[in-house]
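Which chain is which? The protein sequence lines are A and B, in order. The first sequence begins at 327 in this note's numbering and counts up by one. The second sequence begins at 4 in this note's numbering and counts up by one.
Derived by calculation from the structure, the hints in this document are not laboratory data. Even glycine gets a Cβ: it sits at the ideal position worked out from N, Cα and C. Treat each hint with caution, since some may be false.
What the hints assert, rightly or not - No more than 20 Å apart at the CA atoms, straight line, and that leaves these computed lysine to aspartate or glutamate pairs for EDC-like: (1) Lys389/A with Asp210/B; (2) Lys382/A with Glu206/B; (3) Lys389/A with Asp18/B; (4) Lys382/A with Asp351/B.
What the hints assert, rightly or not - Computed list of chain B residues with no C-beta within reach of chain A, every gap over 12 Å: (5) Ala27; (6) Lys32; (7) Glu140; (8) Asp194; (9) Gln218; (10) Lys223; (11) Asn359; (12) Leu365; (13) Pro371; (14) Asn393; (15) Asn444; (16) Lys534; (17) Lys545; (18) Arg550.
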Amino acid sequence: MKRDKLKQELQKIYYEVFDDTSIVLFNEMTADDIEAWDSLTHLRLIMQIEQYFNIKFTTAQIKRTKNVGMLIDMIEQKIVK
Amino acid sequence: MHSDLYTRLKKTSLDDYISILNIASKIEKIENNRESDIKFAILGSTSIQMIVMVLKALLACNDIHADIYEGEYNGLLSDTYDISSKFYAFAPEIILLIPDHRDIPKWPVYLESTEDVLDKAHNVADYFMDILYLIHEHLPNAHILFSNIIGPDSFPLGNLEANYIFSRESYCSIINLELIKKRPPYVTILDTNRLASDIGKIEWFDDSAYFLSKQGFSLKYIGYFCAMVTRQVIALKGMGKKCLVFDLDNTIWGGAVGDVGYEGILLDPNDPEGEAYIAFQEYILMLKQRGVILAVCSKNDEKNAKEPFIKNRFMCLRLDDISCFVANWDDKVSNIRKIADHLNIGIDSMVFFDDNATERELVRKFIPEVEVIEVPEDPALYRRTLDTANAFDQITLTKEDIDRFKTYRDERMRKDFSLGFDDYNEYLQGLEMRASFSYVNDKSLGRFCQLLNKSNQFNLMTHRYSEAQAGSMLDDTEYGLYTVSMRDRFSDYGIIACIILYFEKDTCYITDWCMSCRVLKKGVEYYTLKKIIEVADKRGSKHIIGRYTPTKKNDMVRTLYLDFGFNVSFSTQEGFCEYILDYDDYSHVFTENHIEEDAYFEER
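Next up, chain A with everything else stripped away, as it sits in the complex (with noise of 0.2 Å):
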C-alpha cells in the first residue's frame, strides 16, 4: 500500500474514532491537536488500525507512538513484513 493511500484509510479511522470528520492528519500530528485525544481514545485507534490493518503492535512499539508519522511508519512496517 502507498503511504499516501495509508495515510489515507488512516484518516477514516481518525474520522470513526473520534467522530470528527474535520480532522487532516499530518506527520507531526500529535495528541495535543485533538482534543478528544486522550488514552482512552488512543487505546480505541489501536486497536481499530489492528483490526483494519490485520495487524498486532508490539507494547514497545505502541508505548513509543508519539505522533501520526510515526503510527504511519508502524503500520508500512508491519504491512511489508
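Starting from the structure of chain A, add chain B where the hints point.
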C-alpha cells in the same frame, strides 16, 4: 438520533468490538442531559473507563438510563474503605464490583497441606466479603453485582495444576466456591469466570493491554462482559423474560408433521439430526424445570400438531409441559399476543424460537418487545444457541419458580373442574381455597422481592425493591411486610401476593400491593384486604390509605380501592390517586370471599 444509535448497537454482534466502542462513544456524547432511572457505581481494581462507556450505552438501548459513578483507580479498596468517599456520597442503587486475580493477597506455596490451602482460600473469600459487608452497612439498599475471580492464565505447574489443591488454578476455583457459600442475598455473583472460559482465557486476557493501560481483560470482549451485566440489571428491574414460545416443525422435530404424520417426523436417537432435535427438547425441558413457561406457536392443524406429543415415543416434551398450545393458520404475531393474554403475562416477557426466518422477521418488526432468537440452520446448534442467549437470567431462584409449571397444569384441571358448575361462586367454594397472611422472614424475602419486581398487572404502585432494600424495611417497625400464600384442592400456589404497609400516627398506608396473575378472580384481594384491616386495627390505625399509580400495564387495578368502598382523597392529572378508608367504615367494606384461613402455612 438517539434511537438510531440504540437500534444500531442492538443489532451489532457482540464480536464486533470496534462498532460497539464507536457507537458507545457516540452515545456517551449525547446522553448527558437525560434524567436517569438508576444510580449505578462501578468499582474495579483495573481500568474500568471503557466498561463504564459501553455499559451505559447497552443499558440505554434497553431503556435503562443510568447515572454511572466511575470508581477511582483501584476503587475496589480505595472507594469502599473510605467512608467519606464520593462513592458513598453518590449513593448508588446498583454496584458493580470487578476484582482481578491480581488482587488475591495470598497464594498457596507448593506442597502446602490441603487444610492450609482451604484455610487460605477461605480467608481470601472473607477479604472480598468484608468489602461487601462494608458496602452493605453504609448502603443497605444497594444491590451488588460481584464478578467472580477468573483463574490466572499462567500454569507454572503445567498439567499438575489439575492434580494439586495448592495449584493456582485449584485455588481460584476454591475461592469462587467460597464466595458462593458466603453470598448474602443482596449480592449477585457474575460468572465472569465462565464467560472467560467460554471465550478462552488465552483470548480473554490481553497482557499487553494490561501492561500498557491496566485493562483487566481484552477489550475485544467488552461487549460480552457488558451484555452479561446488562442482563442482570434487566432482571433486577423486573424486566426479565418468563416464557419461551417455540415453533414445532423443523424446530423441535424434523419435517412437517402435517405432511408426514406423527411417526414420520425426524426425531430419533439413531439418526444424527433426529438426535439433535431430541437434545433440543431435553434442553427445553430443563428450562421448564427452572420455571420458564413453555408455549407452542405453530402453523398446523391442532390435532396434527398435538399428535406427536401424545403418540411419538421419542418426544421428551409432553402436552402437560406446555402451558399454552396454539396451533392454527393465523399469523404468529397475533398468536403470540393471544398466548400472552392467555397466560396473563406481558408480551415483553416472551422469547421466540422459530426456524423460519420470515416468521422471526415479522415478530421482530411487529412486536419488538419480544426477544427473537436468531436460529442457526443446523438443528445440532439449537440447544447451544438458546443456552448462550441467556434470555431467562433472573436474580433468585425460588420454590415458586420450580413449581410454576405444575401451577399451569393444575390450572387446566381447574378449568375442567369448573365445567361442573353453573355458578361461579359455587365453583370458588368447590376449590376449597386456603390462604395465610404472614409476616415476611429471611426465608420468604427472596420470593417477596421477586414477586414485587416481576408483577406488572395487579400491582398498585409498581415500586421495585432489591432484597437489600426490603431487608432493611424488615428491621423497621414503621413498616409491615406481608405475604399471602394460597393452596386449593389442586395445588399449592406458594406466595402469590405481597403487601407493604407503613404506619404513621393513626394511619396505615398501603405502600405496595401486588398479586400474581395466576390467582386473579378468586377473591384473594378481598381476603388480603380483610387481613390488612385486621393488622391496621391491631396497630390502632384509624384510617387506611391506599394509593394507585397508573402504568402501561396495571389498568386492571385502577378502580380496586373504589370497588372495595374506599373514598378518593387526592388525585393528580397524571392518574395518581389516593384513597382513604376510615375506621368507622371498616365494617361496610366488602371483603367477602371463599378463602379459609390456613394454619399449615403459619407453621412454616
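Going down the list of hints, with the structure as the test:
With a CA separation close to 14 Å, the supplied pair Lys389/A and Asp210/B stays within the 20 Å bound. Distance hint between Lys382/A and Glu206/B is fulfilled; the C-alpha atoms sit about 14 Å from each other, no more than 20 Å. As the CA atoms of Lys389/A and Asp18/B are separated by approximately 26 Å, the hinted pair breaks the 20 Å bound. Proposed proximity of Lys382/A and Asp351/B is contradicted: the alpha carbons are some 43 Å apart, above 20 Å.
With a least CB separation of 10 Å from chain A, Ala27/B falls inside the 12 Å interface cut-off, contrary to its annotation. Interface exclusion of Lys32/B from chain A breaks down, the closest Cβ pair being 7 Å apart, not more than 12 Å. Distance check on Glu140/B: its Cβ is at least 34 Å (rounded) from any Cβ of chain A, clearing the 12 Å threshold; non-interface status holds. At roughly 26 Å from the closest C-beta of chain A, the C-beta of Asp194/B stays outside 12 Å, upholding its exclusion from the interface.
Residue placement check: Gln218/B does not keep its beta carbon more than 12 Å from all beta carbons of chain A (closest about 8 Å). Separation of Lys223/B from chain A is inadequate, the least Cβ-Cβ distance of about 8 Å not exceeding the 12 Å criterion. Non-interface status of Asn359/B relative to chain A is upheld: no Cβ of that chain comes within 12 Å, the nearest being about 34 Å off. Distance to chain A confirms Leu365/B as a non-interface residue, since its nearest Cβ pair spans about 34 Å, more than 12 Å.
Its beta-carbon lying about 27 Å from the closest one in chain A, Pro371/B satisfies the requirement of being farther than 12 Å from that chain. Separation of Asn393/B from chain A is adequate, the least Cβ-Cβ distance of about 26 Å exceeding the 12 Å criterion. At roughly 48 Å from the closest C-beta of chain A, the C-beta of Asn444/B stays outside 12 Å, upholding its exclusion from the interface. Even its closest Cβ contact with chain A, about 56 Å, leaves Lys534/B beyond 12 Å, as expected for a residue assigned away from the interface.
Distance to chain A confirms Lys545/B as a non-interface residue, since its nearest Cβ pair spans about 60 Å, more than 12 Å. For Arg550/B, the requirement that its beta carbon stay farther than 12 Å from each beta carbon of chain A is met, with the minimum near 46 Å.
When the structure is compared with the earlier hints, violations turn up for hints 3, 4, 5, 6, 9, 10 and for no others.
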